[in-house]
Structures are given as C-alpha cells and as structure tokens.
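Here is how the chains run, residue by residue.
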Amino acid sequence: MPGKKGKKKKEITEEAKRNRRLLILIVIFLLIASVLIGRIFYIQFIWGEDLSKEAYIQQNSGMIISPVRGDIYDRNGRELAVSVAVDNVTVSPRTIKNNSMDAGIIAKELAQLLGFETEAILLKLVRDSEFEIIAKKTDRQIGDAVRNWVKENNIEGVYVDEDTERFYPNNNLAAHVIGFTGGDNQGLFGIEATMETYLKGIPGKVINEVDKDGNALPFSETTEIAADNGKSLVLTIDANIQYIAEQALLKAIEDNDVARGGCAIVADPTTGEILAMVSKPDFNLNEPRAILPGYKTDEWSGYSKADTELLSKTVWKNMAVSYTYEPGSTFKAFVASMALENNVIKLTDIIDDYPIEVQEAEIKCWRTPPHGVETFLEAIYNSCNPVFVKVAQMLGITRFYEYVEMFGFMEKTGINLPGEEVGFFHKEPMEIDMAVASFGQRFIITPMQIVSAYNTIANGGYLMEPMIVKEVLDDNGNLVERFLPEVVRQVISEKTSKTMAEVLEGVVSEGTGKNAFVPGYRIAGKTGTSETTEDDRYIASFCGFAPADNPILTVLVILDDPRGESHFGGVIAAPVVGTIIEQSLEYLQLPRKGDEEYIERETVVPDVIGYSLEEAVNELKTGKLEYIIEGSETGDDLTVVYQYPLAGKIVVEKSVVVLYKYMPEEMVTLEMPYLINKTLGEAKRTLNSIGLNIRSNGGGTCISQEYYQGTVLKKGSVVEVSFRYLDNVD
Amino acid sequence: MEKTRKKKPFNFLIFSFTLILIALGIVMVFSASTPAAKNQFDNIYHYLHQQLIAFGVGLAAMLAASYVNYNVYKKIAWFIFGGALLLLVLVLIPGVGTVYNNARRWITIGAFDLQPSEIYKFAIIVLFSKLLSDEKMQNRKFWKGYIIYIGILLISAGLLISEPHLSGTIIVVSIGMVLLFAGATKIWHILVTVVPGVAGLGLVAYYFEYMRIRVITWMDPFAYAQGDGYQVVQSLYAIGSGGLLGKGAGKSMQKFLYIPEPQNDFIFAILAEELGFIGVIVVISLFVMLMYQGIKVAKNSSDKFAGLMATGISALIFIQAALNIAVVTGSVPPTGISLPFFSAGGTGLVMFMGEIGILLNISRYAGKGYKK
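Just so you know, the sequences run in chain order A and B.
For reference, each letter of the first sequence is one residue, going 1 to 730 in our numbering.
For reference, each letter of the second sequence is one residue, going 1 to 372 in our numbering.
Calculated from the structure, these hints are not laboratory results.
Keep in mind the model is a prediction, meaning the values are calculated, not measured.
Glycine residues also receive a C-beta, built at the ideal position from the N, C-alpha and C atoms.
Hints are supplied without guarantee of correctness; some may be wrong.
If you only want the chain B side, here are some residues facing chain A, beta carbon under 7 angstroms, derived [to be verified]:
(1) Gly243
(2) Val280
(3) Ile284
(4) Phe318
(5) Ala322
(6) Thr329
As a list, the in silico PhoX-like pairs of lysine-lysine whose alpha-carbon atoms are at most 25 angstroms apart [as the list claims (entries may be wrong)]:
(7) Lys53(A) - Lys247(B)
(8) Lys498(A) - Lys593(A)
(9) Lys53(A) - Lys251(B)
According to the in silico footprint, chain B covers these stretches of chain A (three or more CB under 8 angstroms from chain B) [as the list claims (entries may be wrong)]:
(10) 17-30
(11) 36-44
(12) 52-58
Start from the sequences, fold in the hints, and give me the full structure.
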C-alpha cells in the first residue's frame, strides 16, 4: 500500500534523523570530555610544578615556629629593648557566614573585647573573603580574653594567633643607638638593624602537615626542630650616663635656643666603648613614625616614602655618626699633639699670634686685639689660630696629613651603627688648605671621629675602634660571645699623650675651656666654635676627658646653630661637658680630689623650731650655717617659733637661716638684687648680706639669675645663679 | 501492548558503570570529608554514614524504577511537572525555603533537605519527552509549537535564577535544548533561539555586577586568591599537586579545610589530587561510557518517548558532570554544582540513581523496533 509504504519511509527517515542527531550529541559530549581532559592535563603536567609548590608552601606555612627576638640590655643589664608576647586577631568572614553565625553579634562582642568600633569590625566581617585582620599585635591579656570567648561560645571563624612585639621600656632613651623594628619584627634601624643576624634567631620547624587552621594532621609523623631564639645583646651604653647626657644636652638646647639640634657622646677612652650617644631631636622608639611637629594629621601616614625620608633626615638621624661638620678649634688638640710628638716646638717656646699671610690670605687670631707674644702653651690655652698655622707649617703638608689620617679622620670609625658618614678633606692639599685645617676649618668630619681621636690623646696614644656591643648572650643569659677592645694603631707616644692631657687640663683650668671646670674633678678638653657656609650659623662644641691623669670618660658635646646670647663653644658647650662629666663621675662614685677651695659643700638645714635661741644657733653652727634673727628687739622670748629655709632643705655651707622669735603673720621679704656681670664672690656677698642664699653653677661672671631684679623673695630663700667665663672662650 | 512483551534483562553495562562510579564516589566522600567531619561533628564517619544511607535509598529507588514501566511517567508527566513547578515556587517563599550560602534552594522536611531543582531537572525531561513524542504536538510550526518549549524553559530559568541557582538554570536550559535537538526540532528553530540566548547571557554577564565579578575572577583567580578566587585557587592547587598517579587514596592535603566542604562541589579536585591523572581519566571515561550507553539505549528504544527520556537522563548526568569538572578546573566561571554520584548529598544521589533506574527500565525494551 502506498500509504503504508509512505508511512514506513517517513518512519525510517525520522529514525535516521534521530540517530544522526544522537550521534551529533555523542560527538559534542566527547568533544567536551576531551577539552576537560586536556585542561586537566595542562593543570597537572604543565602548570603542576608551580601549583604544587605553592600548595606545599601553603600547607606547610603554619609549621614555622617563630623565634623570639633577642633582648637588648645596657652594660649593667638594664632592659633597653624587649620582646613582649602579643596576639593577632583574624577572622574568616566566609567561615562565619557558612556557619550561620550572626556577624552583627560577633562584631559587637569583638569590638567590646578589643575596644574597637563595632562598625569597623562589621565592615570586615561582611566581606566575601577568607581572611581579614581585625587586630594586629594586641596585648596578650586581650588576646586571651578573645581566646576564651571563642572557646566558650564555639565561635567559628575567629582566630587568635601568637606573635611578639618589640617594646622599648625607656622610650626616647638612646633611641638612635637601639633602633627599632618593622611589622615583621625585622630590625630597621640602629643596633636592631646592624645586629639583625644575632637578634632575629632562626625559625624552628614542625616537619608535619597541617590543615588550614594550622592543626597537625592525623597519622602524620611529627618531627619538631625547635626555634633557635635570637641572641640578646649587652651594649656598652650605660643607661644612667645616657640619661645624664640626654638631660644635659636637652637643657643646653633649650637654654641656648639651639635651632638645629645637637649631639653628645660619652666614651671610655681606654677601650673605645661608647657609654652614651645622644642625638637631638630624637623620637620615641615605641612610636618611631609619630607625626612630626608642624604636620597635619590627615597629611601624615608615617609610612609613605616622603614621610619616611623626612623622618630619616630629622628625628631618626643619628648626629653622632651621620652628621659631618667643621670641628673648629677642637681640632687644635691634634695639631698640638703632632707638634709635640715630632718635637717641632716645645710648650715653653716663645711664639706670637700676630696675623700671618698664607698664599695671600691673612689669618688672624679670633680675639681682637691678639694675645701677642706668648709661649706655645699659652697659645694653646688661648686657642690662637696663627700659632697653629705656624706649627702646621713646621710639620709640613706631608706629615700633617699623615697624622690627620693616623688619627682616623680619613676613614669611617667602623662603629657598629647604620649610616656612618666619613669626613672630607682636600685631595691634594695646598699650603692654604693646611693652614685653615690647622685650626679646624674647611674640612668636615663626624662627631664620632672627633671622639675617637680624643680617646687617642687620652689613653696613651692608641686609636681604638669604637665599641657599641659588649656581649652576646643566649636566651638563658649565658655568655656566647664577648667583643674585645681593638687597637687600630698607635698614633702618638704615651709621653705625648700624657703631656697633652696636662695641656688640655690647663685649657679648662686656665684657658678657653674654663666653663667646663668642675671642682674636684680634673677635666681636660678643648673648645670649638665652627663657622659654617651660612651666615650667623655657628656650631659650638667642646670635647674633653676626665680625670686628666687617668681618663675614664671622653665627652663631646655639639650644639648646631645656637641663637641665644652666645654661640661660643667655650661658653655654651663646655659647661654641658662639665655637667656630664661631673654627674657621670659622681654616678661612677669617683671621689673628688683637691680644689678644696672651689668645692661648695652642701648641708641640710636642721629643724630648730621650738629650740631656745641659744640651742638653735649652736645647732646651725655645727651645720656650718649662718643665721639672722627676726623679731622684736625687746622681750625675753628666746624660743625659735619659725625658720626659713625650712628643715630638710639642702643648701651650701655658710648659707643664712632666718630664725623667727615670733610667729610671723607675714614672712619678712626682700627684693632680688641685680647680679649680672658680677663675679661669683661678689654675687655671694651681695646675696648673703641682705639675707639670701646662693646656689651657683659655673665660674667667671654671672650670666643669669633665677629671679629678675626686684622680684619679692622670702628672706632666707635660695637663689640659683649661673656664671660663665666669657672672655678667652673661642 | 507492553504486557505481551517478554521482559528482557536491563543494560548491564549501565548498571555496572553506575555502581563503579558510586563506589568510587563513596570512597572519595569518605576521604574528602574526614577533616571537615572531624572538625564539624568530631566524627570522621559523619558524611560516610549519610552517603551510605543515601546509597541504600538510591539503590532501592534504582532497582524499583528499573521494574516500573517507563510509560507511567508519560501518563503522569503533567502531574510530575506540576508538582516540581510548585516546589520551585514554594522554595522561593521565605520561611519555606532554607537559605544556605546566600541562596534559597532547599526545603527542609524534618532532617531531610529537599532540593526542588534536582526534582525539576527530572520533571523537565519527562515533560519535554512527553510533549515532543506527542503526535499532536509534533511537526508544529514555530509559533504554535516550538515557542511553547522556549516559554517553559524561560519560566523555569526565571524561577531558578530567583533562588539564585545559576548552575541549575544552565542544566535545565541545556537539557531542554538537548531534548529539542534530539526530538527532531528544525535546526533553524533552535538557532534563532540559541543565538539571541547566548547574546543575552553575554549582556547579563556584562551588566550584572555579581555576574561580572564571577567572570573577572574566572579570568585570573590568583589575583583574588583570598577572596572570590579562593575556592578555584585551592582547587587548582589540589589538581596541580596530583600529577600522574596522585598522592594516593586518602592522602590529599587540600582536603584539610583548604578547600571548603571538600566532599561537596569540589570533590573532583580531591580525586585528582589523590588519584592523579590516571584517576581523572578513569572517572571521565566512566561518565563518557555511561553517556554513550545511555544514548545507545535511546537509539535502540522502542518508542520516541523512551528515546527522549533516555537521551535526557544520559545528557543530564553527563552535562552536570562536565559542568562540575569545568568549574573545578577553573575552565568556566565558578558556580555551585555537584558532581553526580560523587558529591555528598542525599537528594542528588537518590535522584540520579532513580533516573538510572528509569534508564535501565527503558533498556529492557531496547531493540523491539521503533514506535512513533
């Protein structure tokens, strides 16, 4: 039948059509399968090495045991830098979401525990990510609180990991020496940076596989290689002397309106050990990137390139090693040493400081009129430039520069601190170059070089390599390594050294360094006032050592750009060195010797209230104190009812105590006299005669008094008065 | 009628391939889930137990379905579709549908989480097979015939996208198109819908933020390794560490919570890590052979409905497997999709095994001559 046949034909074509389409489907599916296999082949064999490496790192990254960074101590074991256990709090927003935890509640409770804003935390919790840092380096106490909260409430996705943070217990103290670390506890500055390999330690490993949360896997063998904790360092720094030097320098900067900061170095001349190194301005080691004064909070990050550069140029700059200047007259000590060492002149030889012409340049003494004919010794005391030019000429260019090099001015001192600069001298010096160099001008050096060279004069002639690290200790405090003083070379003989010590002592007792004088301690030193290329910018300095007969301290103080009444090193830097030496030697319990007449002995005012007048007077006399009696001439009341100064006040001997025979309704008062330009003796007499007491510092003429003239003071008050030698103080 | 026909044994290859895949799947679920199970339930067997129970139920469903004459589905096609559609609407209602990972895809009945989209995939196979084999619907013109299917697919896509369930949408639309193709629809009909459809998808990917992010992440997952690219990066680490022979069964490192829920969508990555390229070839080959046998059953089926049903079920399993592997290997933008027979999850395993049962039932009638 045609119909049936037609239908059959249609069936066949339809079946064939369907089969063709099914075949096409199979082909498409096979193609898809091939593409996927190809893709997996690519991932496993071509990309595989990289991927498995990264996977390995990830799977093993939790196995590192961080070493504890070593501590830094001062020479007496006082902590300067320590590692404190802290915690990092992190979250996995995905885990929190996947465990259907309420992000709002978690944020609120975390905020409460951490003391943060709830919104700030919530913002991170709702991100679609695996890992967000909530709090870095938070206190262990807070970290433990979060840990407990996570445990008690079965919180998923909030993690607390152990970490350590550097803490500097003394904030600004010795900031430039100690230095600080970065976010990963890596040393960035100071000893923290230069001794990084000692301090950081070696991370330990757990040879074991861990899951994403760092938990060891079941059935895996665990081999633990403990972390090798960082070594601790004992510095040569003495925190007490450092503090003394910082306070003295800070006061000098304030008193003299010093515009560009200053530095002070205290060293042990025999070993080259640095006992104190101060550079101002400084910074708090616990906040090294704190905003600098004069900058706006919103423009300051502390971490930007510009901010970091600015910090490096200002508060982070360690003037002691990273600053160069013309040393001025402090350099004359070396020229004198060379001259004596080479016998080109004797101290007693007669010479004069009249102007001298070198290559058509006239060199004059700093003082007008010049000192004239004098011995070489006197010329050193008076710091006469023409004399040093002549002495340098006697030595000759070759020998002069040979010694400059031997004193270490042509090379870095090698101190173990970052950023050490090296001075600059003329490459092929001519007569005029040497002439100006002989009094410390037209070349630059670092403060550290000056200290090293002064150590050489003080210690018998040996140039020592400056030391800042004394010992290396393991984490149990056992000695691992000790650094020993190293002699670089002998520069001058012991004899010359001894002579120079005496000469420089004379500079302080009789010459331009008088303001460094401290009764009972024999200080040797030399002043310096450097000119700079800028108008009216001077650099005042003084370098000295003490005791002159057996030096244990070398001290350098530099004040850059003082804008107060004087810019002379002898006036403003010398007394700072005097103070540092005096207080340091007192701290080191070195007894004062000689100079009895200079020493103002102190005494405590006794309590004489209620005593009979006679008893009170006797009591004061045994305390070597004077007295004035206030009260009516008549009457027989012989009992002391009041005294001023009150009992317990520390005053110098021969101070006046005012004794009242009646209870004063108002204390007897008087007006402060004018003392400026008076000598110490005159000032003392003036005050004592009207019933005031003096507390003096310095010598020479009065430069400042605690109260203005006319200030009303109680009778018997103690007034602080400062004296300085103002002539012959270059 | 069917009664007169003598019942043949079912296609043994399909049965075997399925059981091998499931056996491998259960081993992998156990291996991959131990860290997560230990972490969440303090019981490393948690997911293994669940999967074994699902396997028991699935095996019963498969065997039962292999005895139930496939024509039953044709008769109740509208009922099945209506029920599935109702569930798909219900799941969108807050309070009825359960939200997990930002998607409302589940209906919780007691301890059992029902995923309506899994049922809907089956329903669309049944409905399309019925309609395409229906003589009245056959050879219809574009507007009166073809456009109805497209309408149904668009409504389905709209509902699934609302959950949102992107992978479900892709699967349902693909299966629909495969059935239309196999059902001898005119090629130009398909082309005029597929071409604008793909173009539309491109526009959606461009204009919708969350789609665009997926595409950007897909292009360079490592740039977003801590964010949206995390899962794919971790998955690539796993596959990449596998090499030729793998690290050995149970020795995956990436399952230790690096890959979130390693027993679910990313189980194939753990498989590639533990069993290597060899294991990958074996598993993909099994899926290909299963697909081939299934389509062979379709080819030899006794009528058009049976053929379409067999095609649909084979295509569903293969497409879902291929899409899953594509996601896991970072070959397509990420979307949540499970690997048939492997990924842990009750509804999926039971549904797929039941569907294999239907395929087995159809295979009993193979070679009986073609019936329109």
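Structure-based check of each hint:
no. : hint                  : verdict
1   : Gly243                : 6 angstroms, holds
2   : Val280                : 5 angstroms, holds
3   : Ile284                : 6 angstroms, holds
4   : Phe318                : 5 angstroms, holds
5   : Ala322                : 5 angstroms, holds
6   : Thr329                : 5 angstroms, holds
7   : Lys53(A) - Lys247(B)  : 14 angstroms, holds
8   : Lys498(A) - Lys593(A) : 19 angstroms, holds
9   : Lys53(A) - Lys251(B)  : 17 angstroms, holds
10  : 17-30                 : holds (count 10)
11  : 36-44                 : holds (count 7)
12  : 52-58                 : holds (count 5)
Of the hints listed earlier, there is not a single one the structure fails to meet.
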